[in-house]
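Q: Chains as they are written, first to last, in the numbering used here: chain A, 305 to 503; chain B, 305 to 503; chain C, 2 to 241.
No lab work stands behind these hints, which were simulated from the structure alone. Be a bit skeptical, because a hint or two may be false.
As the list claims (entries may be wrong) - 27 Å max Cα-Cα, derived DSS-like pairs, lysine-lysine:
(1) LYS386/B - LYS348/A
(2) LYS478/B - LYS150/C
(3) LYS115/C - LYS79/C
As the list claims (entries may be wrong) - Covered stretches of chain A (in silico footprint by chain C; criterion: 3 or more residues with CB under 8 Å from a CB of chain C, positions within the stretch not fixed):
(4) 320-327
(5) 333-342
(6) 397-409
(7) 467-480
Quick reminder that beta carbons are idealized off the backbone N, C-alpha and C, glycines included.
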Amino acid sequence: MSESPSATALVEAILLVSERPVSLEGLASAADLSRAEVRDALGKLGEKYSRERSGIVLRNVAGGYQLATNRACAGAVERFRKEARPAPLSGAAYEVLSCVLYLGPMTRGAISAARGVNSDAVVRSLIERDLLAEVGTDRESPGSPALLDVTEGFFIAAGTNSRDDFPPLETLVKPEELDRVRERVEQSRRPSPVPEEES
Amino acid sequence: MSESPSATALVEAILLVSERPVSLEGLASAADLSRAEVRDALGKLGEKYSRERSGIVLRNVAGGYQLATNRACAGAVERFRKEARPAPLSGAAYEVLSCVLYLGPMTRGAISAARGVNSDAVVRSLIERDLLAEVGTDRESPGSPALLDVTEGFFIAAGTNSRDDFPPLETLVKPEELDRVRERVEQSRRPSPVPEEES
Amino acid sequence: MTNQQGRPLHDFNVELEVYSGPYEWLLALLLNEEIEIFEVPLREIVGLYLDSRSMERENYLERDTDFAGSAAALILLKSRMLSPVFEAEDHQDEETELSPGQLVEKLTLYLKVKRGAEKLRECFVENSGMYPSAHTLPPRPGKLRVESKKVSLAVRRAFSRLVEPSVSHLGPITVSIQDLVAVIQDSLSRGPLSYEELVRDMDRLHSALAFAAAVSLSSRGEVSLSQPEPFGPLTLLPEK
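Construct all of the structure, not just a fragment, from the sequences and the given hints.
A: Written as C-alpha cells, this is what we have:
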C-alpha cells in the first residue's frame, strides 16, 4: 500500500485491534476521517465481510461496529480454542433480562416482584456473564439497593444496537390475549365451588 | 453463509480469534481440513488481505499465519489506542478486585473460594490489564500457588493512594458474613478433603 | 429458532377441577394467588404431564427441565403456604388484595415480560457463536477507570452471597426432603401408605416436606399417588 492508505483500510485496521464495537465517531476520530467517509468505508467493508461468503463478518451492535467470526464457523473456532460454547441461558435468565431491558434499571427486589419468584441467583449469574451490571443505587428504597441494567455485552450478545431495536412492550401481547387474561381472571374470581379448607 | 462454510472462511475465522501465529497443522486440525486445502485457503486469503489494498494483512511469521494491521495504517491504530475508552470492568472483575483488595494477597484458589465461583479467567484478564499481579507464593498451601495482589495501576485507576482510602470492610459486610468468607478461604488452603485415589 | 422451541411447554394443557387451559396460564394465576394452591392437585398435573410426555419430541429434554423447574416452584409455593406468613422485605405484599383490574394489569405485565424473554432468546440464539477479534491492543496506562463505589458494591455482593437465604420464618428445620423420601420408601415396603397416616404426628413444615417428597417420588416413577376426589384421602402406592 502506498503511504496514504484508503479510508476503508484505516477503518478495517482499527476494527481488528478492538474487541469491542467502535462507534462511528470513534472510527472517524482515530482514522481522521469525516463521518461520511467512515460510513462509505463501512459500506465497502460490509461487502468484504459479508455473512454469505466471509469467515469474518462486520457487525453493527451496541452502537458501534465490530469484526467477529461468522457463526457458521463457530465449530472450528471452538475446536481451535478448545472451549465449548457458553451454556445457553435458562428460561428464567431470559425473563430477568427481559424485565430489566423493558422495565429497568431496577433493583433485585423489583425484578423478583415482577416475576413473582425470587430472582437473586439468576441475577448473580447474569452479572457473572456480564449481561447485567449494577449501575447505581435506589436511594428511595430502604437500604439503598443496587439498580441493575443491561450491559454493552447484552446488546452484543443480542446482536442489537440499543433498547430501540426491541419491539415495544405493548406490541408483545395481542389484544385477544389480553382479553383472555381478563376473562380468566373473572372466571377465577367467581365463587369457588370447592369448600374452603381451614388452614 | 450456508451451514457448510468454505475452507477459506474457516481459516479466516480461526485467524481472527488467535492473537499468535497459527501453524498450518493447527489450522488444518481445527478446521478439519487437509493441509492442501488449508494451503489453498491461505492463498485466497493472501489476496483478500494483500498489503496493497487491505487494512488487515495476512502475515507468514514464526512458522505460522497471523492477521495483523497493515503498517501503512499504524498512525490511525496508535491514535485509536490513545483515544479508545477501555472496556469497563465487568461485575465479576469488580468482585475479584474487591476480594484481593480486602483479603489479599491471596491465591487464585482462595479468590474462587471467597467468591464461590471459579475466577481464573477473570484473574487472567485482570493481570493482562495490570490491575492484579503475582507478588509471591503461598508456601503453606499444597503446590505453593502464586499469591496475587492489586497493583499500583489499580490504585491509580481507582484514583486512590492505598488500601486505607477504601471504606473498612466492617462497614460493608456483616461480621458473620465475613467469618464465613474467611472460613472458606482458610479451607481452600488445606489439602483437598477428597480421598485420594489409589494409583 | 421458532417460537415453539422458545416455550417448551406452550402446548401443554391441563384439565383440572379448578382450571382447564394452558399450563403456563395456570402458573401465572397461581403466582398471583388467583387460584388457591391448595385447590390444585400437583399429583394430577404431574400425571397429565407424564401422559403428554414423549421422547419423540425434538425438545423433550427442554420440556422436562422446564416442567421439573415449574413443578418444584409449585411445591415450594405450597409448602410456603403451609408455613407461617413470610414477612417479605419489599412492599409488594401490601397488595395482597388486588382488585381485578390490578390483577389483570399485573398478569399482563408478566405476560409481556415473558414474551419479551422469548424474543430475546431468539436474538441470543441467532447471534451465538460469533467471536470478536483477539488482536486487541492493551489500553494505554492511565486510561482504565476503577470506580471505588463499585468496589464497595462488589464486596457486598461477593461476600454476602455465601450466607444461606433466611429461613427464620420456617422455624428450625430438622428434616430434609431426602429424609422424608427415605421414610416413605421404608413405609412403602410394607404396602400402600396413607398420606394422612404418614403426617399425623408431623407439624406443618414436616407435612409440607412429606408432600414434596411424595410428589418427587411420584415424578421419579417410584410411587403412584391415588386421591379419588379433591381433598379426599391421599394414598401412596409402591410402583412395581
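Q: Now tell me if each hint is right for this structure.
A: A quick look at each hint next to the structure:
no.	hint	result
1	LYS386/B - LYS348/A	holds (26 Å)
2	LYS478/B - LYS150/C	holds (18 Å)
3	LYS115/C - LYS79/C	holds (23 Å)
4	320-327	holds (count 5)
5	333-342	violated (count 0)
6	397-409	holds (count 8)
7	467-480	holds (count 6)
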